Amino acid sequence: MKNNIKQFCFPTSAKEAASLINRLKSKAVVVAGGTRLSRALLPTVETVVDLADLPLKHIAADKKWLRIGALCSVAELEKSSLLGKWACGVIVKAASHWSNALARSMGTVGGNVARAHPHNNLPPVFLALDAVAVCTDGRREIIIPFAQLLEPGLMRELGTRYIVIEVRVPAETRTWSCACARLVLTKTSWEAYTNCVVAVEQEDGAVRRASVVIGSVLPRAVRLGKAEAALIGRSCGEAAACAAETAAAAELQSLTTGAPAKAYACRTSGVMVRRCLIEAFNR
Amino acid sequence: MAKTKGRGVLKAVDGVIAITVNINGRDQALKVVSGEYLLDTLRREGYKGVKKGCDNGDCGTCTVLLDGRPVLACMMFAAQAHGRRVLTIEGLGTPDRPHPIQQAFVESGAVQCGFCIPGMVLATKALLDENPDPDEPAARRALDGNLCRCTGYVKQIEAVLLAAKRIKASPGGK
Chain A
2 MKNNIKQFCF
12 PTSAKEAASL
22 INRLKSKAVV
32 VAGGTRLSRA
42 LLPTVETVVD
52 LADLPLKHIA
62 ADKKWLRIGA
72 LCSVAELEKS
82 SLLGKWACGV
92 IVKAASHWSN
102 ALARSMGTVG
112 GNVARAHPHN
122 NLPPVFLALD
132 AVAVCTDGRR
142 EIIIPFAQLL
152 EPGLMRELGT
162 RYIVIEVRVP
172 AETRTWSCAC
182 ARLVLTKTSW
192 EAYTNCVVAV
202 EQEDGAVRRA
212 SVVIGSVLPR
222 AVRLGKAEAA
232 LIGRSCGEAA
242 ACAAETAAAA
252 ELQSLTTGAP
262 AKAYACRTSG
272 VMVRRCLIEA
282 FNR
Chain B
672 MAKTKGRGVL
682 KAVDGVIAIT
692 VNINGRDQAL
702 KVVSGEYLLD
712 TLRREGYKGV
722 KKGCDNGDCG
732 TCTVLLDGRP
742 VLACMMFAAQ
752 AHGRRVLTIE
762 GLGTPDRPHP
772 IQQAFVESGA
782 VQCGFCIPGM
792 VLATKALLDE
802 NPDPDEPAAR
812 RALDGNLCRC
822 TGYVKQIEAV
832 LLAAKRIKAS
842 PGGK
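Sequence lines, in order, name chains A and B. In terms of the working numbering, the first sequence is residues 2 to 284. In terms of the working numbering, the second sequence is residues 672 to 845.
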């Protein structure tokens, strides 16, 4: 029981919610799905800002973007027919990999992104799809690319200064060849050894553009630029996938500064990159 | 009572918050300690079918349906349920007139110690409300957050499929 709580607020707009947290600062906390936060409140928290009433449960596409409301549950992503057809259904697949049915029913996109724990499934897939997050501080909306959003400085401001409103994925990614995979102890394990997402834009059988993202290994999901560079211009096939595997493992080794504890994760990440690429090429 | 728009602010007076929750179809005015979890409130109010297992969101035995959606009662504050509908196992059937899901669990021999069963039955209800004709993988997936210490998750899956068959065959499909 958390006896320090003095009030619960149920704002009806993101602007109202963001204004509240900016006014109350460390005395307030936002809860969306509440899968983790409700058990980990700091003693300073006196106000719980429950976002459940915010009208942010949309999944829609227009000419420019695929828009996913921050309050969509992970289960709703999993069941969306629109997402099932988008980028080989990679968002649906990443959502379906997440923990268990109850966690998927409670957990939200906004929470998964704003509390971007290294094992969360959605940040890597949004990073691979060049997505942006639309956030508000109560006065204005700002658009933050995922590569920037996952930086520790900004991450600390989500839920304390900014509220995530929606995630926007560029419309052009609809036809990208994508795949994702996790290496985990059991199907419902939240923690993974590695979490891999690849997104490839093909042109005349060759790789025109590629995203290779690894989650779980480092404190935040990262794009592996060297693995991506190893793919550009090459024909979509096993040779390109093997080159990316080597580059990915080496890049991760350097990012983990060769830490022996991470050696297995680096090696298996390389393998996952190759497997995902072959799967994506065959789509 | 449907989830109300604009639930406003709930303030604690002497550490206690007054909330209104629709539990099993009946609006109830409750006084809860501000930081109390829904699980503890429900059990204190006599809904002992909501079991306290891990108390940490891992085991699923405290599953209730919040506005029809399965949630872990140990992972949300009671005040968050203000203005919303909660369904516990007590609201599903009675010993004299069990719900078809409960009947299917009994007939399939899916109940051993029974500790996990309320959560499993409610998870099954959420599944069948949405997908009246699940296959075995869908049934397994829907129950993958509900841990059972006694069995190998075979009989429960059989029970889910039997319940689906029974409900489909019943007049009105309910």
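Simulated from the structure, these hints should not be mistaken for lab results. The model shown is predicted, which means the values in this text are computed figures rather than measured ones. C-beta: ideal position from N, C-alpha, C; glycine also. Accuracy of the hints is not assured; some may be wrong.
Residues from chain A shown here face chain B by an in silico Cβ test under 8 angstroms; the list is partial [to be verified]:
id : residue
1  : Gln-8
2  : Phe-11
3  : Ser-14
4  : Glu-17
5  : Gly-35
6  : Asp-54
7  : Tyr-265
Status of the hints after comparison with the structure:
1. The interface hint given for Gln-8 (chain A) holds, since its Cβ lies 5 angstroms from the closest Cβ of chain B, which is under the 8 angstroms cut-off.
2. Nearest Cβ of chain B to the Cβ of Phe-11 (chain A): about 4 angstroms, under the 8 angstroms cut. The hint holds.
3. Taken as an interface hint, Ser-14 (chain A) does not check out: its beta carbon lies about 10 angstroms from the nearest beta carbon of chain B, beyond 8 angstroms.
4. Because the smallest distance between the Cβ of Glu-17 (chain A) and any Cβ of chain B comes to about 10 angstroms, over 8 angstroms, the interface hint for this residue is violated.
5. Residue-level restraint check for Gly-35 (chain A) holds (minimum Cβ-Cβ distance to chain B is 5 angstroms; threshold 8 angstroms).
6. With 8 angstroms as the threshold, the beta carbon of Asp-54 (chain A) comes within range of chain B, its nearest partner Cβ sitting at about 6 angstroms, so the hint holds.
7. Hint status for Tyr-265 (chain A) relative to chain B: violated, with the closest Cβ pair at about 26 angstroms, above 8 angstroms.
Hints 3, 4 and 7 from the list above are not met by this structure, while the remaining hints are.
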